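> Chains as they are written, first to last, in my numbering: chain A, 1 to 602; chain B, 1001 to 1267; chain C, 2001 to 2203.
None of these hints come from the bench; they were simulated from the model.
Predicted model only: the values in this text are computed from it and were never measured.
Ideal Cβ positions, reconstructed from N, Cα and C, are used throughout, including at glycine.
Among the hints, a few may not be true.
Said to hold, decoys possible - Residues on chain A that point at chain B, a partial pick, calculated with CB under 10 angstroms: (1) Gly-98; (2) Gly-226; (3) Leu-387; (4) Ala-416; (5) His-419; (6) Thr-443; (7) Glu-449; (8) Ser-582.
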Amino acid sequence: MRSTVEANVPVPVLKDAAKPGQPADKEPAQTQDRVGPSREEEEGTAEYAAEVRNLRMKFPGTPDLLFRDLSLNIRRGEKVLLLGPSGCGKSTLLQVLGGVIPRVTEVPLKAELLQVPDSAGLVFQDPDTQFCMPYVDEELAFVLENLAVPAEDMRPRIGQALRQVGLELPDPHVPIGSLSQGMKQRLALASVLLLEPDVLLLDEPSALLDPEGRRTIWDAVRRAAGERTVIIVEHRIEEVLDWVDRVVLFRGDGSILADGQAAEVFARCRDRMREYGIWHPEAWNEAYGEPAGEAALAQPGAYRAGGVLEPEEAAAPGTGPARGRSAAAPVHPAAESAAALPLLRLENFRVLRGGKSVCAVQSAAVLPGDLIALTGPNGAGKSSLLLGLMGLLAHEGSCEYAGSRPSGRRAMREAAAKHAAFVFQNPEFQFVTNRVLDEVAFTLRSEAESALNASHSGAFARWFPRRRPRPDAGAEALIAAQASACLDRFGLGGYAERHPYLLSLGQKRRLSVASAIVSDKPLVLLDEPTFGQDARNAFAILDLCERLRASGHAVLMITHEMEIAERLATQIWKIEDGALISAESTGRSPTAALRLSKEEPS
Amino acid sequence: MREFFVPTRINWLHRANPAVKLPLFILLFGVTVLTHRIDASFYLACVFLALLFLASGYPLWKTALLASGFALAFASASLTMILFGKGSEVWWSLGPISISKESFYRGLHLGFRSIAFGCQGLLFVLTTSSTGLFYALMQRLKLSPKYAYSFMASLRLMPMALDELRIRRDALSVRGAGRGSSASLLRLPELYALPLLAQSIRRAQRTAVAMEVKRFDAGSRRTYYYSSPITRNDGAAFLVLAGAAAAALLLAHLLPLFALGDMRMNP
Amino acid sequence: MSANRTEAASRRRGLTLTDVLVTVVVSLVLGVVYHLWASVSSIAGLLFIQSDELVYGMWFAASTLAFLLIRKPGVALIAEIAAAHLEIAFGSAYGIQLLLYSVVQGLAAELVFAAFRYRNTSAVAAGLAGVAAAAGSLLADIYYGYVTEYATWLILFKYSLRAVSSFVIAGYLMYGLAKLLERAGVTQSLRPVERKEYDALDG
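Chain A with its partners taken away, still in its complex shape (with noise of 0.2 angstroms):
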């Protein structure tokens, strides 16, 4: 059926015909060799769901077009993915298709043929935007008030819609704020059943959940789903590889690379795939090699020699702590062997919200060359324990910063910022300054200042600081420098002048990551710093962390991912219910060599 075109030699590529100056309409669409469309469209387009020809479209204030003169058309009862790197434009041409661009949100656009489904149904991304009631049952209303139900058939259907997405609740009266992210996505879905659409849009629909939450949207997906038409477009495709007929591969500048049957296009487009950072089921071990036999992570304390598990570039071994202990000691974090000074330990720790314990310790020691994987179930602590390590929520018990005992918030939080960087998981709200640039300076020149500070320090400069003293114009000369390294080091060299607002997810990410670790603090706290990235920026972050573990600092990282945890951690906490369950060594030790992903180019 449809082949896939990146191959043929009749340039298919719509964005190549189209030179500047040329008339938009005197193109031949069939320029595009696709043996599929150009037989259907004889028959009329009365079989298709949805159908787009030269399609331009351009976002206000941005000089280039989004697409040029796209075509495509879904055909009825078609499970097409949408796939291509982050910014091509999958996700606006979904809201295209499903009628939401131009008819809600205006962008500029024009088409010689714009056909889009009488009835559609569009789940988006974000679980916590796309309600307006405050409980279930009444949100589910609002869909039916919206097409003039009567009242006395809302009930029954407001339950079958929950039953038919796996959402049963004995009373559908309860707070969606009380709902798990899953839930709310489950419930988004429900709502948009509710419309009886023809064609079922999936906008990342499982972007922003665990990994539990992925596995039940997509079966509620599938379930629902039936003969509808499904367009989804989508980062992770494991959940969907094995069900969708059909994927389209957009290009970054938003042409078609590649249209046709599943199997036949990820056969065909596997390194284009990874090159646009796509997870795909065999991503982890393209990036790490096969994972460690079962028999080593089975018997946790056991250790297992620093190489052997290594893939073939990752040996640095110069850069390995000077710290490091004895090849051969068991490496147990709560009895620690004498050789390594932890850098944190906690004994007996609690840490308070509103007087309540909301995560506690027994016992957990960080060392330098730790990365440390916190998991467990959302709402369990895991927030709040990197929280009061950072002296941002009360504490009982004992915290040990690299052996001073801080006493009391104030000292905890002092203690805090000597020693530990921390990255918040969303990353605007650490943007402090209006200029990329300015970002990471900031950093430097407020360790410059505490720096002076505390050269003339005491009871009597707490109670009565003086102006902050200001470094002078050759420290300045040397912050902006070391700025600008900094950001060349993390891919942001270009964008030095811009808004951070402005960057893409995975440059914000990398922003936040930056300007937290670039004072070069000892531990570094990340709260799921691959959270919602695509593969390429997921597996850029971690290869950060790695090389600042192997730089003898410690990385405590909450995840729920545990190919994370399997792969890379040195120890894995547990936490449930509020209290650390489990700290255990995964068998790699602080002192094992760089061990990066494949997706580094140099």
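Since the structure of chain A is provided, determine the placement of chains B and C on it from the hints.
Just chains B and C now, kept in the frame of chain A:
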């Protein structure tokens, strides 16, 4: 936060139709604002304070907690007038401060009135759910659903904004921004407002698109999940509220405590 | 496509659901920030008599900011009402009069923007709208708080402070914030698309 505002007992006032209750309370506001005698305002404050505790349907401590805000309202309404109001019978003066008999009683009168306003407002809020109010306004008073659903959606967005405020405070503390000098105190609104606004505006846009994707169209006919009938409870609400106001005014006439004239003239 | 465009444009001339929701949310966020700021700057309240008037302009900030962002008739009024609605819904001790104040203040600000035919989005226009809102609050104060019975110097002092604060906060501060949001790319999608953007499609 939402749980806080759930009444433990439901009575006739909760069951009254908000589309009737709202005009009634605005009428009450009108009556109170046109009260210029201190006796009347005193009794209005007393009667509605009693009614608030009796009819709100909330446990005593919660009502008391919310009502504690009245102390501040009383002070802010009365103090300036007491200290700086015009008046001929001066009791005490120091520099710009001049307490006269007129300004003193006028200040007290304003304080009583503000308590009466506060009680009426709180009584309405505590006995009316937002959802109920907007459904009633749409069905009975032809409020455009566009506004009704936007206002209802904003209540859902409130806790998110508060969460983000907390996160931002932590982030600023970690990054060492917004502390120290007084110049940074002035930068504070920007440091908080920019990220919160950016997040919330994008969220609002996405929510609006999601609503319209679900075929929300302010112009077309719609049905309503909750009906909004006029019942006997509305009659009860009218009688009790009107009765309360009348009782207060009657008491002021029969048992005047201050026996002073119109507070706008010099009494 | 041009026919399509005019149809879309006419639908968007009035306030869309997005416009209303964004307006409501702008006043929500400013309300939250205001309460935080007020608690920080409450020391300022002890500086001198009536010095709390110095931050009073924040009450009108939502209406000018919403207008500067969306630039359509009606948003200034809606922003004021939304701010009052949230105050009341979360148990303010001031009750229903907040709603009536907000209507008077919002209408006053709206009048200024209307006098400029809704085309002037400068800091001065926003400042004047803030001053108008302050004048509206004076009108309400006369009925509600008998402020004409204050000593004359106090009336002048209090309300000139309020006017200045409104001009600065609702005008210049909100103008600056709107510009920052513009730089951060948040406002782009809030405003009607210009003709030239459609022309660029033919390039």
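> Hint by hint, say whether it matches the structure.
Verification of the hints:
1. Gly-98: Holds: closest Cβ of chain B sits about 7 angstroms from A:Gly-98, inside 10 angstroms.
2. Gly-226: 20 angstroms, violated
3. Leu-387: 6 angstroms, holds
4. Ala-416: At 8 angstroms from the nearest chain B Cβ, A:Ala-416 passes the 10 angstroms test, so the hint holds.
5. His-419: Violated - the Cβ of A:His-419 stays beyond 10 angstroms from chain B, reaching only about 13 angstroms at its closest.
6. Thr-443: 7 angstroms, holds
7. Glu-449: 8 angstroms, holds
8. Ser-582: 27 angstroms, violated
Violation of the numbered hints given earlier is confined to hints 2, 5, 8; the remaining hints are satisfied by the structure.
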